[in-house]
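There are 2 protein chains.
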Amino acid sequence: MELLKLSEVKTISSIGGGPIGGGWTAFFLSKGFNVVSYLHDKNEEDVFMKIVNTAWKSLEKLGLAENASLKNLHITSELEKALNGVHFVQESAPENLELKQDLYSKMGRLLPNNIIISSSTSGFMMSEIQTRCSTPERTVIGHPFNPPYILPLVEVVGGKKTSKSAVQWAFDFFKFSGKEPLILKKEVPGFVATRLQEALWREALHMVDNGEATPLDIDKALINGPAPRMVVQGQCMAFHVACGEGGMATNLDQFGPALKWPWTRLQAPELTTELRDKMVNGCNEMAGDTNFEILASKRDEAIVSVLNALKKKS
Amino acid sequence: MELLKLSEVKTISSIGGGPIGGGWTAFFLSKGFNVVSYLHDKNEEDVFMKIVNTAWKSLEKLGLAENASLKNLHITSELEKALNGVHFVQESAPENLELKQDLYSKMGRLLPNNIIISSSTSGFMMSEIQTRCSTPERTVIGHPFNPPYILPLVEVVGGKKTSKSAVQWAFDFFKFSGKEPLILKKEVPGFVATRLQEALWREALHMVDNGEATPLDIDKALINGPAPRMVVQGQCMAFHVACGEGGMATNLDQFGPALKWPWTRLQAPELTTELRDKMVNGCNEMAGDTNFEILASKRDEAIVSVLNALKKKS
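Line order of the protein sequences matches chains V and W.
Residue numbering for the first sequence follows my numbering, beginning at 1 and increasing consecutively.
Residue numbering for the second sequence follows my numbering, beginning at 315 and increasing consecutively.
Honestly, I wouldn't trust all of these hints.
No more than 20 Å apart at the CA atoms, straight line, and that leaves these computed lysine to any residue pairs for SDA-like [claimed, not checked]:
#	chain 1	residue 1	chain 2	residue 2
1	V	LYS311	W	ARG590
2	V	LYS313	W	LEU609
3	W	LYS626	V	PRO152
4	W	LYS324	W	LEU387
5	W	LYS612	V	LYS160
6	W	LYS592	V	LYS160
7	W	LYS627	V	LYS160
8	W	LYS574	V	GLY123
9	V	LYS160	W	GLY377
10	V	LYS311	W	ARG446
11	V	LYS160	V	LYS175
12	W	LYS574	W	GLY558
The hints are simulated quantities; they were obtained by calculation from the structure and are not laboratory data.
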């Protein structure tokens, strides 16, 4: 099958009238695409438009494409019409496996087989969703992060029957549309970002459960501690740069024993030479030729700009 | 013992010549205090001043106090001189328990017993550090987050022998000096922020270990996903607002079963009614009278301002 050129994508079908479907609809409109949104029930339209209009306010501030307009939105409750002539499908139907399997069975028949179908699901893997689809090669996960109209991340991963070219096309298309997609190495429950967030969340629940912190304490600690740095440097580069010239190697070689300490209830993996090298090489590659002093000063500048931006808001 | 009025604090002793001691020194100078910094060895002075000068650049952009100046810094390698006549001590000596116990024994004798001593330690609890101090009532943990001159969080907790009034004084003083202190409910290894960060970090190590993600994947996922929201809303309020009017109650009652799913290797605690209510009430208190639509639109505005601030930097 020959996939479309990215520049040929003019019209996108967004399936689902909830906050995720509405968020995607607004996002694609803001980038200048035509969007056909499928709502299961015509009566959902008012709530749906409220979601779209709310998202639009933020998208305007982030910058609209030249030809972007809410007028490029069409709403329908007929699946066939929602799929007719579209160049890409983003599915955000309710998180119900049978419902999704049924939907992919229908979409598989209704859509030309060179049209990529991407699912917003956070709870299922594409290998499960695509089981009853007659053309599963072009079905992928494209998992956004809430709120989906603002946050750039889209996690892209195929199922067992998905073709590699479909995964690559979805990645390229999300990038082209202004998102920050990430191709996952494996299908794993929760993908990457939710797994990391969920580890933190479970530790938070433990702390509240043990009377070690309140929800307010948790939130204050995050907002004033790790978060302003994490928006600038991920956890790997944060540790790499914090350790000065020695970087991640110093972090693991020197503080490795701390992984045995009961800081959180999550047991760390065995720090094998292989794992150590994967972490160290990964960080060195990210740093490239830039030395740690420049990395640290760029980090500081960016954190300052984030804190100053937030100060202006409050 | 009668503790000082906050307005009486003019001169601060900062113990330690590393990045944390240097960071605290720069921070207190930027707020208009006199600082006497103790370096173990006079030869550390060049490296120390480089840390202070680097931090100063960021502090200038965040806004200096009227009378702030690097000229208000005095450096000494004699502990007695470093403590003479000061109104508060921030200790950032190397993470070595015996060394710290010895230091607190000396400081306990040298300082009038109404002067609060705060430790930057991340690895020890004050109950361990204060064992050989003759005046342990005024010794507290005041744990900053790296980089300590920029990030607002200071976690405050006493040891078994610390007085409640000392903990409260330290909290009040950090707040007065422009930090965002947090009094911890219990002495627990890693305090709050590091425990949460460490849970995330251990999950990240597991993912790299299993070939599910590279360090680059981890960092991209965080920076483009949870982080821009987390700097605006902590994880509790993020979930509370994401669930609409039902808030945290909906989150736990509806998605509680997902806590059994293998999203991360960290087992969640049993979701008892008590834990549920603690989470729900905590979030409702944080939300106060503000309805979820306003909370969501404030969140979006703030995330947009963060993303736009970062866009300008790159």
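Status of the hints after comparison with the structure:
A threshold of 20 Å between alpha carbons decides the hint, and for LYS311(V) with ARG590(W) the separation of about 33 Å lies outside it, so the pair is violated. Between LYS313(V) and LEU609(W) the CA atoms are separated by roughly 13 Å; this keeps the pair inside 20 Å, and the hint holds. Between LYS626(W) and PRO152(V), the direct Cα distance comes to roughly 16 Å. Compliance with the 20 Å bound is thereby established for this hinted pair. Taking the CA atoms of LYS324(W) and LEU387(W), the gap is about 12 Å. The hint holds against a cut of 20 Å.
With a C-alpha separation of about 41 Å, the suggested pair LYS612(W) and LYS160(V) falls outside the 20 Å cut-off, and the hint is violated. The suggested pairing of LYS592(W) with LYS160(V) is violated, with an alpha-carbon distance near 42 Å, which exceeds 20 Å. At most 20 Å may separate the alpha-carbon atoms for a hinted pair to count; LYS627(W) and LYS160(V) exceed this at roughly 41 Å. The hinted pair formed by LYS574(W) and GLY123(V) meets the criterion: a straight-line CA distance of about 12 Å does not exceed 20 Å.
Our distance criterion of 20 Å between C-alpha atoms is broken by LYS160(V) and GLY377(W), whose separation comes to about 55 Å. For the given pair, LYS311(V) sits about 43 Å from ARG446(W) by alpha-carbon distance, which is inconsistent with the 20 Å threshold. Between LYS160(V) and LYS175(V) the CA atoms are separated by roughly 23 Å; this puts the pair beyond 20 Å, and the hint is violated. Restraint check: the Cα-Cα separation between LYS574(W) and GLY558(W) comes to about 23 Å, which exceeds 20 Å; the hinted pair is violated.
Hints 1, 5, 6, 7, 9, 10, 11, 12, counting from the list given before, are not met by this structure.
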